[in-house]
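Participant: Keeping the supplied structure of chain A fixed, place chain B upon it in accordance with the hints.
Line by line, the protein sequences are chains A and B.
Letter by letter, the first sequence follows residues 477 to 824 in my numbering.
Letter by letter, the second sequence follows residues 3 to 296 in my numbering.
What the hints contain is simulated information worked out from the structure, not anything from laboratory work.
Check before you lean on any hint, since a few could be wrong.
Taking lysine-lysine pairs in the DSBU-like style, the calculated list, with each CA pair at most 35 Å apart, reads [said to hold, decoys possible]:
| hint | chain 1 | residue 1 | chain 2 | residue 2 |
| --- | --- | --- | --- | --- |
| 1 | B | Lys83 | A | Lys600 |
| 2 | B | Lys213 | B | Lys83 |
| 3 | B | Lys188 | A | Lys600 |
| 4 | B | Lys83 | A | Lys758 |
Listed here are the chains, written in short residue letters.
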Amino acid sequence: MDPAGVYATSYSADSALVRTRAQAICLVVFLALLVAAPFVVGPRLLAISTVMLISSVVAVGLQINTGYAGQINLGQAAFMGVGAYAAGWLATRFGMPFWLTIPLGGCAAAVFGFIFGLSAVRIKGFYLALTTIAAQTLFHFFFLNLPWFGGSNGLQLEPATLFGFAFVSDRSLYYLCLVVTVIMTFGAYGIARGRHGRAFVAVRDDDVAAGMMGIDVVRTKATAFLVGAFYAGVGGALWAYFVRFVAVDQFTLFHSIWFIAMIIVGGMGSVTGALIGVFVIKAMQETFVTLGPSFVELFPGLGGELVFALMNVFLGGVIAAFLIFEPRGLMHRWNIIKRSYRMWPFPY
Amino acid sequence: MIDFLNYLINGALVGLLYALIAMGFVVIYRASKVFNIAQGELVVFGGFMVWWMIVQAGLPMAVGIPLAFVAAIAFGLAIEKIFFSRLVGESVFSMVMVTIGLLILIRGLVLVLFGPAVRPFPIIFPLKPIILGDILIPRSLLFGGLITIATGLGLSWFFNATRTGLRMTAVAEDHQVALSLGISVKRSIAFAWALGATLSTLGAIIFLSGKSLNFLASDIGLAALPVALLAGFESIAGVLLAGLIVGIVQGLVTAYVDPAVGGAVGSVFPFLIMLAILFIRPTGMFGWKTIERV
Chain A
477 MDPAGVYATS YSADSALVRT RAQAICLVVF LALLVAAPFV VGPRLLAIST
527 VMLISSVVAV GLQINTGYAG QINLGQAAFM GVGAYAAGWL ATRFGMPFWL
577 TIPLGGCAAA VFGFIFGLSA VRIKGFYLAL TTIAAQTLFH FFFLNLPWFG
627 GSNGLQLEPA TLFGFAFVSD RSLYYLCLVV TVIMTFGAYG IARGRHGRAF
677 VAVRDDDVAA GMMGIDVVRT KATAFLVGAF YAGVGGALWA YFVRFVAVDQ
727 FTLFHSIWFI AMIIVGGMGS VTGALIGVFV IKAMQETFVT LGPSFVELFP
777 GLGGELVFAL MNVFLGGVIA AFLIFEPRGL MHRWNIIKRS YRMWPFPY
Chain B
3 MIDFLNYLIN GALVGLLYAL IAMGFVVIYR ASKVFNIAQG ELVVFGGFMV
53 WWMIVQAGLP MAVGIPLAFV AAIAFGLAIE KIFFSRLVGE SVFSMVMVTI
103 GLLILIRGLV LVLFGPAVRP FPIIFPLKPI ILGDILIPRS LLFGGLITIA
153 TGLGLSWFFN ATRTGLRMTA VAEDHQVALS LGISVKRSIA FAWALGATLS
203 TLGAIIFLSG KSLNFLASDI GLAALPVALL AGFESIAGVL LAGLIVGIVQ
253 GLVTAYVDPA VGGAVGSVFP FLIMLAILFI RPTGMFGWKT IERV
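With the rest of the complex left out, here is chain A:
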């Protein structure tokens, strides 16, 4: 909701993403902070930030698929893996530059995701969600056994290069991921506001009613999988260039579940929520990992693995608590605070 006194006088102003000057300033400051970050934070934090950016792309894709279109997807990590392998294979086998392999990695994942989306023709509800677990199994099997992907040794990648400049340093990789993430995020806002995004929301809220309104339900569901998997693939390709090593163990069902956890905590049905969720979950994970050793020093009776295990207990509890107390995530909470601030002193 906009603050009082802000109203649109033309259609383009009404559909604009940035509506007030304050929002524009916030956006510019936020982007400037992201650009300046590598010069402020240390190498470890920089690596964590890069992982956050990559996860953001994947989580935003899942947000479109699950948050907007309401199709639970338990195979997002597999889609990400397909993108990573495709990009790695195209780069090592054909020597393609990264600005081709990243989109093509996304496309490969999109095709893989689309196949599972297509099963929406026949399969509905939880059956559809659970067939995406099959994606995870099939991905693991094919990339481990097909001859082109290095089997259990995985794929090694050369660094991405542009006009002779190699993306080797942490800082350059951060910027590469930042640029891609920004493009993908704005794309997601576009999709969410546009015709397809509205169709997604209609199908999520009630697919029978959506069909009555003339929305092709099956096509919409398949498109949701296509778009979500494309985002996962792009994220996977970035991951391939970041780690420069791709193996099936990097993309397990457990990773998919973490992505779902991110959008639950951030808030279903909001692109910004996905970004917040990635930040919060990754930050908590890293805090546990960083504080773990000193925690163990404090209580020498506990083993090192215990910290990791405690992290799982804590985060599992956080996810459940969010679903029980704030099913719409942090984003919803933020909107409530914003609204009550604008309405003050009136309750509504």
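Facilitator: Then chain B, alone, in the frame of chain A:
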């Protein structure tokens, strides 16, 4: 020919084990309409309970196993009390999402309580296989198979013929309708989780007897998923048949196709059958066909 018979019988028995684990999914679905993604973690938890009672606490089996079941039931009831009793009236979507949180949570809990080390699981069924001519049948799987069939038929009768079972069936159909008919959704969900945890512990005993146990044993939950989907979530007796199909096909594929291809086709094949069958019959072989009304 003898080899073939061996593969066939062992495949069928492994299939019945899958059916038992899948029954855990189905029972929770049949009494609460929630699909429990954390089923594999329940199996691990049950397994560790048995291990703890018998190996760690040194109780005799006749005492330890019943106590492990009691602990599993208490665990299931605790899950209902802490998480699901607060979610009655919320969408089924968020209940299923809670089970995702549960998956992470229970895995962490098992690691905190029992550690990541591989533990020897007590030998509950004698290790010596039964030998019929040239056919070898592992005892744990044979007894397990018989227990599975008995449990499956018993539960099927319970859900389809008794008053309590039909009440739970109503909950699986629609929470609101069940509530307005005066059925306690909360109690039904509590029962579902207690039963689900019991079946998981039973599955753990049959699956792990004489083997080793650590938190990775939860993969059996995933392996049993095609069985539950193939049967349709609503059918308990159907799970037995689906288990047999999946087990036999998987056994034969592992025996004859894997050496030729040099990969684990056997482990993905159930998923391929599942996808194929869901395309033909989207609700599984025996699932309910829901009619949508506007």
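Participant: The structure should be examined with respect to each hint, and the outcome stated for every one.
Facilitator: Right, here's what the structure says about each hint:
With a C-alpha separation of about 30 Å, the suggested pairing of lysine 83/B with lysine 600/A holds against the 35 Å cut-off. Between the alpha carbons of lysine 213/B and lysine 83/B the distance comes to roughly 33 Å, so the proposed pair stays at or under 35 Å and holds. A C-alpha spacing of about 26 Å is found between lysine 188/B and lysine 600/A, which places the hinted pair at or below 35 Å, so the restraint holds. Taking the CA atoms of lysine 83/B and lysine 758/A, the gap is near 29 Å; set against the 35 Å cutoff, the hint holds.
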